[in-house]
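Asks: One-letter residues, chain by chain:
Protein chains: 2
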Amino acid sequence: MRTFEKIADLRRYLAEMRAGGKRIGFVPTMGFLHKGHMALMRAVKEDPEVDLSVVSIFVNPLQFGPQEDYRSYPRDLGRDEELCISAGMDVLFIPAVEEMYPEGFATSVEVTGVTEVLCGRSRPGHFKGVATVVTKLFNIVQPDCAYFGIKDAQQFVVIKRMVRDLNLPVKIKAHPTVREEDGLAVSSRNVYLTKDERRAATVLYRSLECTAAEIRKGERDALRLKRMLTEKISAEPLARLDYAEVLSWPDLRPVDVLRRGEVLAAVAAYFGRARLIDNVLVEVE
Amino acid sequence: MRTFEKIADLRRYLAEMRAGGKRIGFVPTMGFLHKGHMALMRAVKEDPEVDLSVVSIFVNPLQFGPQEDYRSYPRDLGRDEELCISAGMDVLFIPAVEEMYPEGFATSVEVTGVTEVLCGRSRPGHFKGVATVVTKLFNIVQPDCAYFGIKDAQQFVVIKRMVRDLNLPVKIKAHPTVREEDGLAVSSRNVYLTKDERRAATVLYRSLECTAAEIRKGERDALRLKRMLTEKISAEPLARLDYAEVLSWPDLRPVDVLRRGEVLAAVAAYFGRARLIDNVLVEVE
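Heads up: the sequence lines are chains Y and D, in that order. To convert, note that position 115 of the first sequence is 117 in my numbering; the numbers rise steadily by one, no gaps. To convert, note that position 40 of the second sequence is 42 in my numbering; the numbers rise steadily by one, no gaps.
Chain Y extracted, bound-state conformation (with noise of 0.2 angstroms):
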């Protein structure tokens, strides 16, 4: 695997690359490396449409509010690259904070209509930070295609609406939630947990499946499954919930009743410090 800090050195080696007709496949990550990354990666070596894998790790301080948590948030490089050898990636990319953004930095990439609900409402400004670095990795990196996890549902719609606004030229890929043995979405923020707090945590998805459940059952009332989601985290002790949402997909708009297609059940709650989001999509017949 060969690394690369500076913009410019790997800039030259993928241009290499890509001259000598290789495709170029990419897996954007903050670091921390789990399950969940571990599955993007896999699923870029697997795909029959990439030759190269790339990975980047960078904790992207624009997407942090000033009350988040940027500075402790888990950082671990000798074992992600441990992590990413093991992976058979190609290709390491792990810029500064000065690399990706220099003296006098002032553009920045925002997408509107998709963000005004669930993690947009909660955190300003957090998607425009995640639209601005993915768009600025996107041209350094020049994949053709680029990995995503469903468990940020919103994130994958911010970013497949940004490429197709901005025509940006590469195939966006999801990835299904990984999960742990007990239903829990892995994440690194997942590190945070006390043990109570850790079993506290599996109401997320608890909550979520009797609610695709309902939807299954033939519970119409967007209004009611909300309602139940929401009563269901709350009745846990140790979760202070956030929001508890089922919306349209991949729009992410309001529904009074479901129909026809996919819909979105999203949540996010604290446990401790711990801000956890999950979500299930489940197909309305």
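Keep in mind that the hints were calculated from the coordinates and are not lab data. Just so you know, not all the hints are guaranteed correct.
Pairs involving identical chains hold if they fit within one copy or between any two copies, as the list cannot separate such chains.
Said to hold, decoys possible - Pairs of lysine-lysine, PhoX-like flavour, derived with a Cα cap of 25 angstroms: (1) K8 x K162; (2) K173 x K24; (3) K197 x K8; (4) K47 x K24; (5) K37 x K153; (6) K162 x K130.
Once you have looked at the hints, place chain D on chain Y.
Replies: Showing chain D alone in chain Y's frame:
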């Protein structure tokens, strides 16, 4: 010359050319081509770094304010096509508005810092519209280099900053302002001028040249220079001044005392319904 209206068709063709090793030079325009555009097209044809020349014509609604001249902006596609052929362009891209901004379009690119002065102050949202469409065009054409006239000095600065900040893989090349015999900067909007306004409009370049001469003679007081520029233009009864500024280059900051390096003297004024801009870059010894 090959003409494309659809993004997908243009992309397919350019991907083929790129795979064949052709380096792409790009001239984005709003059409109603004049001597300034012809000079840009000549520059791309003569560039030893370019094998394939692409020109686009798209009057971008996003960069016009609600009270501005989007609807009446001069258009003459038949004549423009002839001029592109005569300039030896290889490819012409003329997308419809719905092709560039399909339903649900919701993404924007914004540069701060250099957009709060000059035209950015007079035309809120203008440079956000410019940055967004130029990002789209760059992603569609994926040129190796792109050409912009320095008549739109602030636009040039905004695009350079955006390209650097977003790591867009394109080299930006500037071309000096092209002028009529009497010094008036050529512009598609000059067609709006009556005979008297056309004569009066030469006051812009004459005043800028006086300012440049004063700087060369040793004047270093920016406020005095700005006042002189303002007075000269205001002395013309058919001119309605929008702004007259002397700013640092290329960061467009206000200056008290001119220091070594380049400064930009820039003006905007209405003559009847035509809003015209002009500028000179002056080397301070």
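Asks: Now tell me if each hint is right for this structure.
Replies: A quick look at each hint next to the structure:
no., hint, result
1, K8 x K162, "between (27 angstroms within a copy, 20 angstroms between copies)"
2, K173 x K24, "both (15 angstroms within a copy, 23 angstroms between copies)"
3, K197 x K8, "neither (40 angstroms within a copy, 57 angstroms between copies)"
4, K47 x K24, "within (13 angstroms within a copy, 30 angstroms between copies)"
5, K37 x K153, "within (12 angstroms within a copy, 54 angstroms between copies)"
6, K162 x K130, "both (14 angstroms within a copy, 21 angstroms between copies)"
Violated hint: 3 only; the structure is consistent with all others.
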